[in-house]
Amino acid sequence: MNSIDRDPAQHSSLGAGCAAVVAFGLSAFYSWPALAIGAVGLVLVFVGLIRGLYTAVTVGAFGLFVGAILAGVQTTAVGPILGSVTAAVLAWDIGTNAISIGNQLGREADTRRLEAAHIAASTGVGVITVSIAYGLYMTGTSDQPITALFLLLLAAVLLLESLR
Amino acid sequence: MNYRHVALGIGILSLGASLLAIISPGLIAVTLDQVLITVVGGIVILQALRVILGRWREDRDEAVTPDPELPISTSPPGEELKDELERFLGTKRLYFPRARLRTGLREAAVTVLAQYGSYSTAEAEEAVEAGTWTDDIYAAACIGGEQAPTPPLRVRVQNAFREESPFERGVRHTVDAIAAAAGVASPSNEDATKKPRTQEDRRTESSVETSRKRSTGRTDDTSNRHEPKDALRRATHSTGHWTGVSVVALVSIGVGILVEQPAVLLAGTVGIGYAAYARSSALPPGSVSLSRTLSNERPEPGEEVEVTVTITNDSEQALADLRLVDGVPESLAVTDSSPRIGTALRAGESRSYTYAVTTRRGVHTFGPATLIARDLTSAKEQERRLSTETTLTCIPSLRAITEPIPLRAQATQQVGHIETATSGDGVEFYATREYRPGDPMSRIDWNRRARTGELTTVEFRNERSASVVIVVDTREEAYVSPDPDAEHALDRAVDAAGQLFVTLADSGDTVGIAALGDNSCWLAPGSGVDHRDSARELLATHPAFSPVPKQSRSVLIRHRNRLRKRLSAGTQVIVLTPLCDEFGSQFARRLDERGYPVTVISLDPTASQTTAQRFAQVARRLRLTTLRSNGIPVIDWEWDDSITATLARFNERWSR
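Protein chains in written order, with my numbering: chain A, 4 to 167; chain B, 8 to 663.
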């Protein structure tokens, strides 16, 4: 053995790839710009996962996210957009973690348990958040203006940023 | 700090406002007009851009793991041509690199031509100046004077389009021509001036990594002995894994408010969720222990030993992300599976994994394992050292070789195998002489007595044993090999030293062992079973013979003098050195001058891929010739041959 195979961890790469495809699939068909940007993002994520490039995965996942937002601008379908954004974040998280495991431990090491724990936790967070958001959307009535939602979210962001 | 306070204030305000808006929708809706919404949306998006830029500038900060599983890689002699040329420049001071190269090559050509060609030194100088020493027009032009032939203009124009510069080409041709004159010719091509990509790259790459890995693996190994068992290498720090996740929230909210689309606005919750998740990260101060077992602690060389590592979570909390790299000894290469694992452990849980190493001679101590612990989110990371003492000892048995070892004709007073030029009690016929009263009856040549009636006495050749010290060149320069993956010259020399030791001891000589380069390695000549055991132990385990190249340069002149003082008069010395620099040959010459009969056995580790390596071959050849011309027998040991075959060839040549 003359060198260590430092390709991204197998299972996480697969997971990140699937998440990227889901992110693309859920948003791409609502608008042409979303399709274009999402496709570029998808390709970048794949390239990053194959070559082990953090930047490609990050930029690609950001592309998928922008695609989802563009799709959201042109549609009122809340479910797919929430799913697409969550999948884009998951593709980024799991993908960069795969590269990190590849760099630190290499492909030959047994990392299944580590990857499984990380994927399960991140996916769990995503599912819970989407459920809360969707619940908020469903229970909200039309007379509660969008302003209230906006203020609530803004408050959450600001508090998170300041209470670090 | 101020920014945070402002953000906190606005955050609390907007939280209150949103609650108000939910409770009594009419109250707030009128106060928020389109302009304000646009301004706030714009500010949020600007903040998102700031976060993106911040993410762009900030790199991930992750632990870099050592690579202890890689085998030791050594390179062939001849890294830089200018270093090889140093000896030919003598005290000449030349500051321009090209002038240095040219002058060095010129001197080398003169030396080689005077040594191996039919030139005297003066004639050689003239030939080089006039360019008549070689048929190669580039070589002649490169180091020749004004009258030397130059390549025709047409060829020069053609060559201008090649990758190789004219100077490089000239140097390459010159080295080839010198090599041909020295009799070590082998063809070269344009690639020779380039650095050997595969090897060189890997070497530099590995040396970068090595310095990193060795610094984590081995050098700290010694200092680590005094550290507590579970040493923290780097305290908890952020990995930057989640840096910038708030962009998702900011962009969604900013865009969502501008276009007034609930779907986009709600996507902000996803961003908030993950940002909160990343913030929630806390690395538990868990304690982890490690144990290591070997399938065989004293294996034979070349045997595969299975290493089983068990990692246990001793704390009360689950540890979600543990990345472990075991401290494989630098000298051993992992041949099966990987010494790394990534796992998650519940409280009190343990997990084992197995990998295999191939054993080689020496004492191999496993260093501390590197543990990278992260929390579930991967946002925080901590680096630890887990030490556990494990040692693998491999002492190869010493095998005798069938060939007699060519020693010089100087002997002790003990009866042995060296045939002296004196008569005495031996078994081989030496001479007859006239009978003298007192000669034993058994020595009288009775056949002659019967034939002629004369009384004559038969004398036998006096056979004496020798006292031999085998000196192995163990300096950093001896860690060379023609192929980075091959066993290096020192390993083979130590192996050969063991074989020579046993063979000499079997034939009744008293044999000792010393290392050139380490003061403390000295086994005085002796005999007997105990002595043999200590030699075996010394060759296998003494740090001087360690298979890992030493980093430090020792004060060699003092060591050399010390070694010389230890040798008693008349001791034979066998020097095992690759002769890749001047020191080894100088050492042999000095000893010989002082009256110790020296035999040099030199393993040839040279390669011929690059110009510098080819020149190193020439330089080595010159050293061999110089030693031989000083009357020191030099046994040139080809890399692919065994020591037995080499000695057989040498004995055959000299018995003729």
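Just so you know, the hints here were simulated from the structure itself, not pulled from any lab data.
All values reported here derive from a predicted model rather than from experimental measurement.
Treat the hints loosely; a few may be bogus.
Claimed, not checked - Not everything, but these chain A residues come out facing chain B in the computed CB check (under 10 Å): (1) S34; (2) L38; (3) V46; (4) W95; (5) T114; (6) A124.
Stated by the list, open to error - Here are the computed distance ranges between Cβ atoms for each label pair: (7) B:W63 x A:V130: 28 to 34 Å; (8) B:S359 x A:V130: 31 to 37 Å; (9) A:V130 x B:A493: 51 to 57 Å; (10) A:V46 x B:P159: 51 to 57 Å; (11) B:S649 x A:V46: 52 to 58 Å; (12) B:V266 x A:Y137: 27 to 33 Å; (13) A:F32 x B:L43: 31 to 37 Å; (14) A:V43 x B:S322: 33 to 39 Å.
Unchecked claim - Covered stretches of chain B, going by a simulated chain A footprint (3 or more residues, C-beta under 8 Å): (15) 62–74; (16) 348–355.
Glycine is no exception: its CB is placed at the ideal position from the N, C-alpha and C atoms.
Okay, the hints, checked on the actual structure:
Hint status for A:S34 relative to chain B: violated, with the closest Cβ pair at about 12 Å, above 10 Å. At its closest, the beta carbon of A:L38 sits 17 Å from a beta carbon of chain B; the interface hint therefore is violated under the 10 Å criterion. A cut of 10 Å between beta carbons decides the hint on A:V46: the least distance to chain B is about 20 Å, and the hint is violated. Evaluation of the A:W95 hint against chain B yields a held restraint, the C-beta minimum of about 8 Å falling below 10 Å.
Contact between A:T114 and chain B, as hinted, is supported at the beta carbon level, the nearest pair being about 3 Å apart and thus within 10 Å. Hint on A:A124 holds. Least Cβ distance to chain B is approximately 5 Å, under the 10 Å limit. Taking the beta carbon of each, B:W63 and A:V130 are about 30 Å apart, inside 28 to 34 Å as hinted. Roughly 34 Å separates the CB atoms of B:S359 and A:V130, a value that falls within the hinted 31 to 37 Å.
Checked against the hint of 51 to 57 Å, the C-beta distance between A:V130 and B:A493 comes to roughly 55 Å, which is consistent with it. Checked against the hint of 51 to 57 Å, the C-beta distance between A:V46 and B:P159 comes to roughly 54 Å, which is consistent with it. Here the CB-CB span from B:S649 to A:V46 is close to 57 Å, well matched to the stated 52 to 58 Å. Checked against the hint of 27 to 33 Å, the C-beta distance between B:V266 and A:Y137 comes to roughly 20 Å, which is inconsistent with it.
For the pair A:F32 and B:L43, the beta carbons lie near 35 Å from each other, so the given range of 31 to 37 Å is met. Checking the proposed 33 to 39 Å range against A:V43 and B:S322 shows it is violated: the Cβ atoms sit about 45 Å from each other. Figure legend: the stretch 62–74 of chain B, annotated as covered by chain A; annotation consistent (7 residues with Cβ-Cβ distances under 8 Å, at least 3 required). Here's how the stretch 348–355 of chain B fares: 4 of its residues keep a CB closer than 8 Å to some CB of chain A, so the rule of at least three is met and the hint holds.
When held up to the earlier numbered hints, the structure conflicts with 1, 2, 3, 12 and 14 and fits the remainder.
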